[in-house]
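S.K.: Line order of the protein sequences matches chains C and W.
Quick note on our numbering: the first sequence kicks off at 1 and runs consecutively.
Quick note on our numbering: the second sequence kicks off at 1 and runs consecutively.
Careful: at least some of the hints might be erroneous.
To be verified - The list that follows gives simulated cross-link-like pairs (lysine-lysine, BS3-like), each with its CA atoms no further than 30 Å apart:
#: 1; chain 1: C; residue 1: 277; chain 2: W; residue 2: 34
#: 2; chain 1: C; residue 1: 387; chain 2: C; residue 2: 473
#: 3; chain 1: W; residue 1: 90; chain 2: W; residue 2: 262
#: 4; chain 1: W; residue 1: 202; chain 2: W; residue 2: 213
#: 5; chain 1: C; residue 1: 444; chain 2: C; residue 2: 461
#: 6; chain 1: C; residue 1: 277; chain 2: W; residue 2: 281
#: 7; chain 1: C; residue 1: 277; chain 2: C; residue 2: 259
#: 8; chain 1: C; residue 1: 438; chain 2: C; residue 2: 427
#: 9; chain 1: W; residue 1: 262; chain 2: C; residue 2: 218
#: 10; chain 1: C; residue 1: 469; chain 2: C; residue 2: 445
#: 11; chain 1: W; residue 1: 90; chain 2: C; residue 2: 277
#: 12; chain 1: C; residue 1: 473; chain 2: C; residue 2: 381
No wet-lab data here; the hints were simulated from the structure.
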Amino acid sequence: MEFEAIIGLEIHVELNCATKLFCDCPNRPGDEPNANTCPTCLWFPGAVPPRLSRDALEKAALICLGLGGELQPVSAFDQKVYYYPDLPKGYQLSQAHLPLSRGGGIDITDKNGKPKRLRIHHIHMEEDVARLVHEMEGRLPISLVDFNRAGAPLVEIVTEPDFRSPHDAMEFLKALRTQVRYVGSSECSMENGTMRVDANISVRPRGTEQMNTKVEVKNMNSIRHVGDAIAFEVDRQGAAVNAGEAVVLHTRLWDPEKKATVMMRAKFEGPCVPDPKVPAIELTPEYIEALRQRLPEMPAARAERFVAQHGLTSEEAVFLTSDPEVAVYFEALIEQGAAARTAMHWLTTQLMPAARQRGQEPGQTPVTPARLAGLLRMLSKDEINAKAAREVLTHMFDSDESPEAIVSARGFAQVSDSDELDSLIDKVLEEQPDAVAKVRGGQKKALGFLVGQVMQASAGKANPKIVQKLLAKKLGTN
Amino acid sequence: MESIFFYRDPDAAGTGSGPLQGLNMAIQPNVLVKGWPTDAGSNALANFTALDDAAVIGRLREAGALLCGSTRMSEFGFSLDGSRAGEALKENAADAEMVLDLMGESRLAAARAGVCGFKPSYGMVSSIGLVGLIPSMECWGLLCRDPGRIREILGTIAGPDPLDFSLSDEPAPDFSARAIEPGKTRIGIIPEAVSGLPGDCKNAFEAAVDEFKQAGFSVREFSLPDMGLFPLVHNIVGSVEASSCAGRYDSVRYGRRVPGAKNWNEMFLRSRGAAFGTLVKSYLFQGAYFQFERFEAYEDACRIRTRLIADMQKLSGQADFFIFPAAAAGNSDPGDFLGDIYEQFAATLFANVTGQPALYLPPASGTSASGFQLTGPRFSDARVLALGEHLVNLRQGGNG
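Okay, chain C solo, but in the shape it has when bound (with noise of 0.2 Å):
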């Protein structure tokens, strides 16, 4: 039988405040274990109620706001009870039952090319939890405790099942994070931890419209790995209900050394209950158009631009975009007067490899737009070559001086002058008469060896164009 796979994504989003979600302790969950807490968040009895952060508040409704969401004017916060060491008051705050944005959704190409819309149902906030670690202290298992995460600030983003493939949830989860850096609301990483995805995977008969038990897959911690752990689990549900066993709703692990999706023990699950001491969250209409008037221009709109006012592709349109910080790096080369598809090219294999290679982004590196934009200007009045640029540019990175300093210190300076290539030239006409005698003779590959040979006799500053025109002048080929 052939199957269809219905599956939605719950996707957790960590809010880059600079405090937690309900206190007012650093929301820096890499410091020292335990460094970071006070007994609201330690929930000590009797200690001050949760106070909701501002500032997570309007970055999380900037998130809804980018996403196509529709603000709702009253949000609150449910007790989603449970028990387990990383939750010391046995219920974490979130949003069931009145979240604070429902709707929106992001436009993918899926697999065949098309255009696709994937829905997104609702969007709420909620704390994070402590991080358990696990160690061992001599031949006993011992499981740790840090509440630095506990009380962080996240967005969960509930998909609607619309997704029918891993390339669907792979291109939604690039989008959606391009999107959310965009915002300037969270880093959105989920190899840091910043974004972490849990699929909702269910299968059935193609053609047919039943929704059928869905099993949840967690632990998957790059847009990749969601990828494989969803192709792996459609494949065994296929299988298992080809086989004639049912499938039961229960949580399952991707384990990316298997490159398979394990049981985990299930956890229960029930209604939750309006807390009765955070107040609910109203928004006024002036405080929703007043953060939309803060939304920047998101990437889509972005990409239509550079292409009607760059004259970019589209696919280089969308490259460019897909990084906030790479494309206001690219529109700042634009003002200080570089060409558009010059600048593209420089940035994306020149600048980029080199910074990420430092382990830096575009914008951090010493190598301002300024002073690319001002190598590419010489580059464009043929003042050095393109091998000299390259080589100016990786002292760039190692010096706050400008290109022409650079250029001139080091003598990169491409040579134009007629007079100083003629002698060039006659030196290396009298070395090479072979060559000479070939190219009088009309074979025209001798040519270009002559040319190298100049190239090599300068050091690579001759200007390979005057160089060619001037042997072709003096050999009579021209």
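Let chain C serve as the given structure and place chain W on it in line with the hints.
M.R.: Just chain W now, with coordinates in the frame of chain C:
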């Protein structure tokens, strides 16, 4: 004879200055006082010591009150079984007591001790530092011989606290003494709250109402057909809230950790089972039942609660104050079952459902009248206390 006090402060000596200078205040061990053991009457918090003062403790100290200790309380203040509330006053060991009120405990403890008991409006006094069970129903109550003294105490502890979002944003009301004019004051009675009383209790309550008529107040009846739903709403909403919120009292951190479990989950569940008493456990089980098996009944109870609050607000437009009986079934000794507890508090828990202030006044001496409760709209605490003060002064030949 077990001591009235759970804890006495060895450093209680000293002289404060301020409007409450000389007031000797006893609290219960559900109020955070820095350095004091604060077990809220439960083994689940047997090893918990307060790290900070509750907001009200700070304000009481600032006003010159002295804290002499915490009296024994029932587990999380739920029912009066095991509670010594009111006895410190009775034995002249304190001038006032602060008591958790989640079903009417401050008022029934006052009735038991023959003193005044007052439950402020929900949102009148900061709940920072309160270790409780039903966050939307409970608040601190005050016991004192004299309603005027309660008014003075409330004047120092009421008002906004920027850390407590459950408080009203309004500035603290004026708690200075004010006059009551009987001729301009309308007293209401809800017949449905009286009709269920046994004969002798009904007669005693009617004698109490006579005191108002003789004092020149107009007294009228206003029907509230859904009066009988208050216990049901309190029971369902309260138990679900308690069950969900009580997760923080896991006994693992501050109570007794049960040994011998095979894994964390087993240890956790056994410790919780061992920490709570039978009554609280029954309540939590009931709450879990409604949450996970009958959630729609919980939602219905929440909606009914909203309607009851609105109904009471409507009645506030027709009368300035309402008189309620305080005891539903005389002085019967409550049993250990939830049903018995709800029967005992049937007449008082309405104020915890609606958040209204409620003042218990003991009966006038030399009469067959019973004690009764006075209530008004939410945040009318100052006026309710003023009315109580007026009556007490009248009994003493005052208000001339």
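S.K.: Each hint: holds or not?
M.R.: Outcome of the hint check:
The hinted pair formed by residue 277(C) and residue 34(W) meets the criterion: a straight-line CA distance of about 23 Å does not exceed 30 Å. For the given pair, residue 387(C) sits about 26 Å from residue 473(C) by alpha-carbon distance, which is consistent with the 30 Å threshold. With a C-alpha separation of about 50 Å, the suggested pair residue 90(W) and residue 262(W) falls outside the 30 Å cut-off, and the hint is violated. Simply put, residue 202(W) and residue 213(W) have alpha-carbon atoms about 17 Å apart, close enough for the 30 Å limit, and the pair holds.
Note on residue 444(C) and residue 461(C): the hinted pairing holds, with a Cα-Cα distance of about 23 Å set against a maximum of 30 Å. Proximity of residue 277(C) to residue 281(W) is assessed by CA-CA distance (about 23 Å); at most 30 Å being required, the pair is judged to hold. Distance hint between residue 277(C) and residue 259(C) is unfulfilled; the C-alpha atoms sit about 44 Å from each other, more than 30 Å. Of the supplied pair hints, the one linking residue 438(C) and residue 427(C) holds, its CA atoms being roughly 17 Å apart against a limit of 30 Å.
With a CA separation close to 26 Å, the supplied pair residue 262(W) and residue 218(C) stays within the 30 Å bound. Under the criterion of a C-alpha separation no larger than 30 Å, the hint pairing residue 469(C) with residue 445(C) is consistent with the structure, at around 15 Å. At roughly 35 Å between alpha-carbon atoms, residue 90(W) and residue 277(C) are farther apart than 30 Å, so this suggested pair is violated. Proposed proximity of residue 473(C) and residue 381(C) is supported: the alpha carbons are some 23 Å apart, at most 30 Å.
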